[in-house]
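Chains as they are written, first to last, in my numbering: chain A, 1 to 231; chain B, 1001 to 1257.
Treat the hints as calculated values from the structure; they're not laboratory data.
Built from N, CA and C at the ideal position, the CB exists for glycine as well.
Misleading hints may appear alongside valid ones.
[Unchecked claim] Covered by chain B, according to a simulated footprint, are these stretches of chain A (three or more residues, beta-carbon under 8 Å): (1) 38–50; (2) 59–67; (3) 118–132; (4) 178–189.
[Unchecked claim] Computed footprint of chain A on chain B; a stretch qualifies when at least three of its residues, placed anywhere within it, have a C-beta under 8 Å from a C-beta of chain A: (5) 1139–1145; (6) 1149–1157.
[Said to hold, decoys possible] Computed beta-carbon distance windows for the label pairs: (7) T92/A with D1252/B: 13 to 23 Å; (8) A1011/B with P49/A: 41 to 51 Å; (9) E98/A with E1038/B: 36 to 46 Å; (10) P1020/B with D51/A: 17 to 27 Å; (11) Q1116/B with R31/A: 36 to 46 Å.
Each chain, letter by letter, is given below.
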Amino acid sequence: MQAGASCFSIPFDVPPYRLSGTVFGALLNHRSALAALGDAASRPPYDAPPDAPVLFIKPRNTLAASGRVVMIPAGTSELEVGASLGLVIGRTACRVPEARALDYVAGYLIVADVSIPHSNYYRPSIRFKARDGYCPLGPAVTARAAVANPDMLTLRTYFDGSLVQTASTADLIRPAGRLLADVTEFMTLAPGDVLALGAAGPAPRVGPGRTVAIEIDGLGTLRIPFMDAAA
Amino acid sequence: MMRARVAYAGAVHDATPAPPHPSARGDLQLADGRVVAEDEVVWLPPFEPGTVIALGLNYADHAKELAFKAQDEPLVFLKGPGTLLGHRGVTRRPSGVKFMHYECELAVVIGRPAKQVARSQALAHVAGYCIANDYAVRDYLENWYRPNLRAKNRDGATVLGPWFVDAADVADAGNLGLRTFVNGNLTQTGNTRDLIFDIPCLIEYLSAFMTLSPGDVILTGTPEGVANVMPGDVVTSEIDGLGRLVNTIAADDEFGR
Chain A
1 MQAGASCFSI
11 PFDVPPYRLS
21 GTVFGALLNH
31 RSALAALGDA
41 ASRPPYDAPP
51 DAPVLFIKPR
61 NTLAASGRVV
71 MIPAGTSELE
81 VGASLGLVIG
91 RTACRVPEAR
101 ALDYVAGYLI
111 VADVSIPHSN
121 YYRPSIRFKA
131 RDGYCPLGPA
141 VTARAAVANP
151 DMLTLRTYFD
161 GSLVQTASTA
171 DLIRPAGRLL
181 ADVTEFMTLA
191 PGDVLALGAA
201 GPAPRVGPGR
211 TVAIEIDGLG
221 TLRIPFMDAA
231 A
Chain B
1001 MMRARVAYAG
1011 AVHDATPAPP
1021 HPSARGDLQL
1031 ADGRVVAEDE
1041 VVWLPPFEPG
1051 TVIALGLNYA
1061 DHAKELAFKA
1071 QDEPLVFLKG
1081 PGTLLGHRGV
1091 TRRPSGVKFM
1101 HYECELAVVI
1111 GRPAKQVARS
1121 QALAHVAGYC
1131 IANDYAVRDY
1141 LENWYRPNLR
1151 AKNRDGATVL
1161 GPWFVDAADV
1171 ADAGNLGLRT
1181 FVNGNLTQTG
1191 NTRDLIFDIP
1201 CLIEYLSAFM
1211 TLSPGDVILT
1221 GTPEGVANVM
1231 PGDVVTSEID
1241 GLGRLVNTIA
1251 ADDEFGR
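In isolation and in its complexed conformation, chain A is listed as follows (with noise of 0.2 Å):
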């Protein structure tokens, strides 16, 4: 199968039913995962703390569903796990504004950010977040009508059953509608696209044999196996 057909068969019951395939998402937008650099984000190379989002792309390669094994490569013990509340795009959005973001909202799903740690943001390769199957996300599009507000949703995330992260919405440097509004000031979105609002940090690292479990209220629980690629 390639690498990212299974996604599409994300159960999405809403206009426009079908994922794009177009997955961003927002770094450094959970206030945890800003501290968690401490003075290093005034600093060189960074000299300063972000000033417009900083947003990342997830390649069709990356695209998951629940479920898929995701491989840690040969020479990495770790993977990083970013959960995040991704927003999907139900009209083009283009010059949204905060007020009305959500008014181009079709839904909300689950989405982890995987990566191969890397401690350097500056210009970091992308073979740390691109690999395949390393955007595993549903595991359904949640209709906007049934989530009351995205900008006071928990999102827990288990290894193996146990919890190791607890994390809301509500702490967000840029919640749904102003990150909306910033993001389509200068790039529009698509229908079926997905905006990732961004992981708490520091954000947990999972081994080979174990299986994460991302949950957010009245979304469902995303899960994935990491399993070692050398095994």
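With chain A's structure known, arrange chain B on it following the hints.
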């Protein structure tokens, strides 16, 4: 073979250069036989792009121009579909910025899935080539996850075309001259033989960790000679054997801003 994708008279068509004919007044021939002029159609990117992969600082002279020291790994970034634009399109220069520049690049289009492909086999995975003009707004460059999307992934700031040219029709993609003209004046020249990481090397590098699929495209980087462009400027990117890709810069007011 050279192919374009154009919109004309209510539909999207495949098109090829029109055969020379004394009675034919036109530049390209649609698949249904009609011959039309270049300015009668809307040119789209000449293939259906998948993942858009781009290289920073992949020519030694351009790296030097930006005071960048040698690298041990290609500097790769990704772009989304919303930034793509066809031939004869219009790209917005935001008001108030000081430095927005073009980047003429050879674009390599993948034709066969590529996973862990060796350098020696890499060109067998290439379907063909086209010209890319990958604009940057340097004012927006920040020091986090460079080059950040606000600088390099703006709407309509990655121009592809005009033609998709089959790999079989390009004798040596590793020896093609690149040129940019601004309002007819030559401002940038280079040759793909000066790539720091050449095409086989890039396909080997990328396919080692990400599976490339048909339609994925690699923008291989730009040589020295980038220059600021202003509203009204006509930017023409040219590569030997691939044609001439034209783009016009427009101001905010054309976009209702």
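Now the hints, each set against the structure:
1. 38–50: Result for this restraint: holds, n = 5.
2. 59–67: Three-residue rule met by the stretch 59–67 of chain A, so holds; n is 4.
3. 118–132: holds (count 10)
4. 178–189: holds (count 4)
5. 1139–1145: With 5 residues close enough to chain A, the hint holds.
6. 1149–1157: holds (count 5)
7. T92/A with D1252/B: 13 to 23 Å: holds (20 Å)
8. A1011/B with P49/A: 41 to 51 Å: This hint holds: roughly 49 Å between Cβ atoms.
9. E98/A with E1038/B: 36 to 46 Å: holds (42 Å)
10. P1020/B with D51/A: 17 to 27 Å: violated (54 Å)
11. Q1116/B with R31/A: 36 to 46 Å: Holds: the Cβ-Cβ distance is about 40 Å, inside 36 to 46 Å.
Against the hints set out earlier in the document, a violation occurs for number 10 only.
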